[in-house]
Amino acid sequence: MWLRPFLFVKETMTLKTTPLNAAHRAMGAKMVDFGGWDMPVNYGSQIDEHHQVRNDVGMFDVCHMRVVDAKGEGVRAFLRYLLANNADKITVPGKALYSAMLRPDGHVIDDLIIYFMTEQWFRIVVNAGTADKDIAWMKQQAQGFNRHLPKEDAAVALSPSGGKLDRGQAPHPSPLPEGEGTKPITITSRDDLAMVAIQGPNARAKVWQVLPQTKAATENLVNFQAADCGEYFVARTGYTGEDGFEVMLPKEQVEKFWYDLSKVGVKPIGLGARDTLRLEAGMNLYGQDMDETVGPLESGLAWTVDLKSERDFIGKAALLANPPSSKLAGLVLLDRGVLRGHQKVKTAHGDGEITSGTFSPTLEKSIALARVPNGVQIGDTVQVEIRDKLLNAKVVKYPFARNGKGLIS
Amino acid sequence: MSNPNNLKYTASHEWVKTEADGSITVGITQHAQELLGDMVFVEAPEAGRKLQAREECAVVESVKAAADVYAPVSGTVTAANADLDGTPEAINSDPYGAWIFKMKPDNAADVAALLDAAAYQAVVDSEAH
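Taken in order, these protein sequences are the chains called A and B.
Per our numbering, the first sequence starts with residue 1, numbered consecutively.
Per our numbering, the second sequence starts with residue 1, numbered consecutively.
By construction, these hints were calculated from the structure, which means they are not laboratory data.
For each residue, glycine too, the CB sits at the ideal point set by N, CA and C.
Among the hints, a few may not be true.
[Said to hold, decoys possible] What follows is a list of derived Cβ distance ranges for each label pair:
no.	chain 1	residue 1	chain 2	residue 2	range
1	B	Gln121	A	Gln140	53 to 59 Å
2	A	Lys16	B	Ala119	34 to 40 Å
3	B	Ala119	A	Ala22	33 to 39 Å
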């Protein structure tokens, strides 16, 4: 027997560990090398863990993800220019926004969530594998921004009448004298913080049981909103398609928090189920469904990219100049088998490729996201090359499942 | 769970049981199912197919990975376990009961030369490091 794609990397280098490493081992986790991190893939059955989250509650160690604080006067204007989604959409304190961060050529550096806390403070959560490059990029852009505010603000700042300069040609804003009434933007990696995601229909109740002091501040949070509760930063966000919280807290406290959650019946969930849950929920995984070789419009992220407003942002000109010829589509396998990443998809409009594929425990069918030519439509039947066979799959609208229910008939 | 002493094994994690009529029954080991996790799909070879030793002849897929199953010896497939179509998870719950296919070996001596339980355990232990 030979395992095709999965990671059984020999430990030739030291893996990074989260503060919950000992707890995972004590709870019987099967550990794997996940992008250089020693992480739990499951604690027994991945499928049981998947259902546990859809039907009740489970907790995930997401300490490997990085919390970044962007602070300073004008931090909103900075993010408005840095990100493809528009930071101006979040005006209620705590509100969160999902966005891609693009290179000037329109390709995706990372996808991330920003939380608006105050006009001087936005919190950002980025992926583990991309954190260092993200932070370097943000700092580089902040440096430029501190010297050269983006045009719109520069125009307002420079012109006593508030009149606007010509805009839209050069991607780089005109220079401003240093210290022109603004404090510099600072980008701080919060390596002192840990993060645990508690997800499922009963997730919030369990968190309140363990952290009753946060209940008053968090019970009225709407979806995609966070509250800063002193030591605990509690966000109603997640990566499963279920209700729940992501809790950021000091690293030294996370192991106790984890065991306290376990005591009130919250089961630990590994990265295996995290992947099937997010794929059923139709959420992209950076490094699989998009990366620095593609743009957001080919990656199912058009809904997060604001091309209509006058706002300029890094990558906008490239997106406008290069309309996409492919898109991300949902597939459900009609024949027997399992869809996997990189399998070839044959369509009437040309070939495509699966970016993420798995067996959906909720639908009990194999599902996938695939990058296919624009002409492919929902309802089409396409063929997927699996080993030496061509199997039929149907193109569907995704998400495939959320809030405990399958969404594909 | 230890590896039954009455079976033979391959370094690629198949178990082999010799039947009274000289045919063999093939499945994957406890160690293999544990590595793969929850099984969701099994593709077994068709009866009548001739196989060379170490030829890829079946595929088992778990939620997280696909794995090839090899012919332990040369011979001809005589049966595939159709029950696994509906219950691939039987490989997880009962790896030494949930057989994948049966074959008639070309040479009985090839089967005798496969690993015994202790030798197979040594392979598993060496992979753990």
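Which of the numbered hints above does this structure break? none
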